[in-house]
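Spelled out from the first residue to the last, the chains are:
2 protein chains.
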Amino acid sequence: MKTIDVCLSPDLMHLYAVEGKSVVVVDILRATSSMVTGFAHGVSGIYPVAKLEDCRAMKAKGYLIAGEREGEKVPDFDLGNSPFEYMAPELTGKLIALTTTNGTQAIAKSLGAAEIIIGAFLNLSAVAEHLIKSNNDILIICAGWKGKVNLEDTVFAGALVDKLTGKFSLGCDAPLAARHLYTCAKGDLIGFLNESSHVKRLNKLNIHDDMRFCCTIDKYKVVPVLKDGLLVV
Amino acid sequence: MKTIDVCLSPDLMHLYAVEGKSVVVVDILRATSSMVTGFAHGVSGIYPVAKLEDCRAMKAKGYLIAGEREGEKVPDFDLGNSPFEYMAPELTGKLIALTTTNGTQAIAKSLGAAEIIIGAFLNLSAVAEHLIKSNNDILIICAGWKGKVNLEDTVFAGALVDKLTGKFSLGCDAPLAARHLYTCAKGDLIGFLNESSHVKRLNKLNIHDDMRFCCTIDKYKVVPVLKDGLLVV
Chain A
113 MKTIDVCLSP
123 DLMHLYAVEG
133 KSVVVVDILR
143 ATSSMVTGFA
153 HGVSGIYPVA
163 KLEDCRAMKA
173 KGYLIAGERE
183 GEKVPDFDLG
193 NSPFEYMAPE
203 LTGKLIALTT
213 TNGTQAIAKS
223 LGAAEIIIGA
233 FLNLSAVAEH
243 LIKSNNDILI
253 ICAGWKGKVN
263 LEDTVFAGAL
273 VDKLTGKFSL
283 GCDAPLAARH
293 LYTCAKGDLI
303 GFLNESSHVK
313 RLNKLNIHDD
323 MRFCCTIDKY
333 KVVPVLKDGL
343 LVV
Chain B
113 MKTIDVCLSP
123 DLMHLYAVEG
133 KSVVVVDILR
143 ATSSMVTGFA
153 HGVSGIYPVA
163 KLEDCRAMKA
173 KGYLIAGERE
183 GEKVPDFDLG
193 NSPFEYMAPE
203 LTGKLIALTT
213 TNGTQAIAKS
223 LGAAEIIIGA
233 FLNLSAVAEH
243 LIKSNNDILI
253 ICAGWKGKVN
263 LEDTVFAGAL
273 VDKLTGKFSL
283 GCDAPLAARH
293 LYTCAKGDLI
303 GFLNESSHVK
313 RLNKLNIHDD
323 MRFCCTIDKY
333 KVVPVLKDGL
343 LVV
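Heads up: the sequence lines are chains A and B, in that order. Taking our numbering, the leading residue of the first sequence gets 113, the next gets one more, and so forth. Taking our numbering, the leading residue of the second sequence gets 113, the next gets one more, and so forth.
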């Protein structure tokens, strides 16, 4: 039986191998939720970059540029990091270059995997079905917050582990702990995540609407996959 | 209000400051449980060292030498890492040099804190009372397993956070997640931790008796504190 494992923070990635694995990158609030929303609304590709200036440089190549720092949209950028911005009809067929505090860095640390896919509550079941078809060992990488473990990404990891239990064996205690947390959370996901430090930190930024939306399970069926540095579906 | 925070792995210690804080080092299976048991049975001091050869060298200075690697006692050492070995009457008044896979390394990374104390389920309430008296910011450091997060140390952290909730505010999502896990676990702590990868890994080493003992809450009142490199009570 193949294994499923969870890396709770990008700062623990040195402990996990990615070679031959299906890696699922998760940054529920809000990078991967926004990516999934964008693809569900017809975006043709998202180019994740680590640095602000590299993102800005993509404007000249015809990309829309998108990103946040400390939870706020970068002033001269086309888009921030709220999933509601990724529903606009004018995004259909467009390419977006995206930089975020945590999500992009998690993708960068996953390079070398058999495949890198983007997970969120919004596409939970689609991701699970994709992973069952791929049938590789799985590593879920939680983007966290500046290296620290966060609640929302861990609970998502637990939800995905829960969906795949029985088909994959657990790699260490992290998937077990994540699944327990999901069990605590699933009766009232929004109430549970309202306690998280990220929600409190972004309280002033209309995070509650975003958070409620990001907690919608299986709204979309898209599974973004990284191909030659570009996320596509 | 002072804060309580949890570092889920020694490999995340670069994200946390220790200066001015009361640091609680926890390695439930089995280093800190054995330390607490030893002090409760009259051991006069425990000298934690990282390397096997440094531990062995302490023999010439009159120390008993103790330690494990991969969960097994080092063959030429006086003691291993089972708490039952730390109950022997002949240990009264003795000094022990101890090296373990994970616990000692967590102590080494805590140097510079206002105080470093040793926590286990065995002395949970005594540790909580000590921390309330000290009234510093608190950082609980889980020893984990070779850098990975483990279930038993995280659940202990959650139990201690639970005891101190209301008196200290939570520093990030890690204490919140740990407290949720403790809430899941507390009805059947042994059953919950039986699932942990460490228990499965050490299955052949009579870990079950050790584990049951290490899950005994408030058996002892001793609070080991590090003074000039030596743990004392």
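Mixed in with the good hints, there may be bad ones.
Where chains are identical, the list cannot tell them apart; a pair therefore holds if satisfied intra-copy or between any two copies.
Straight-line distance between alpha carbons at most 30 angstroms, and here's what the computed DSS-like set of lysine-lysine pairs gives [to be verified]: (1) Lys245 - Lys171; (2) Lys331 - Lys298; (3) Lys206 - Lys331; (4) Lys258 - Lys279; (5) Lys333 - Lys206; (6) Lys279 - Lys312.
Because the hints were derived from the structure by calculation, they are not lab data.
- Message: When Cα atoms must be at most 30 angstroms apart, do Lys206 and Lys331 count as within-copy, between-copy, both, or neither?
- Response: So Lys206 and Lys331 pass the 30 angstroms test inside one copy only (22 angstroms; across, 64 angstroms).
- Are the CA atoms of Lys333 and Lys206 at most 30 angstroms apart within a copy, between copies, both, or neither? For Lys333 and Lys206, the Cα distance is within 30 angstroms only inside one copy (19 angstroms; across copies 65 angstroms).
- Item | Within, between, both or neither, where Lys331 and Lys298 count as close if Cα-Cα is 30 angstroms or less | within (16 angstroms within a copy, 35 angstroms between copies)
- Task: Indicate which option fits the pair Lys258, Lys279 if close means a Cα-Cα distance not exceeding 30 angstroms: within, between, both or neither.
- Result: between (32 angstroms within a copy, 27 angstroms between copies)
- Message: My question is about Lys279 and Lys312: at a cut-off of 30 angstroms on alpha-carbon distance, are they close within one copy, between copies, both, or neither?
- Response: Close across copies (20 angstroms), not inside one copy (36 angstroms); limit 30 angstroms.
- What label fits Lys245 with Lys171 when the C-alpha limit is 30 angstroms: within, between, both, or neither? Close neither inside one copy (36 angstroms) nor across copies (58 angstroms); limit 30 angstroms.
The structure fails hint 1 only (numbered hints given earlier).
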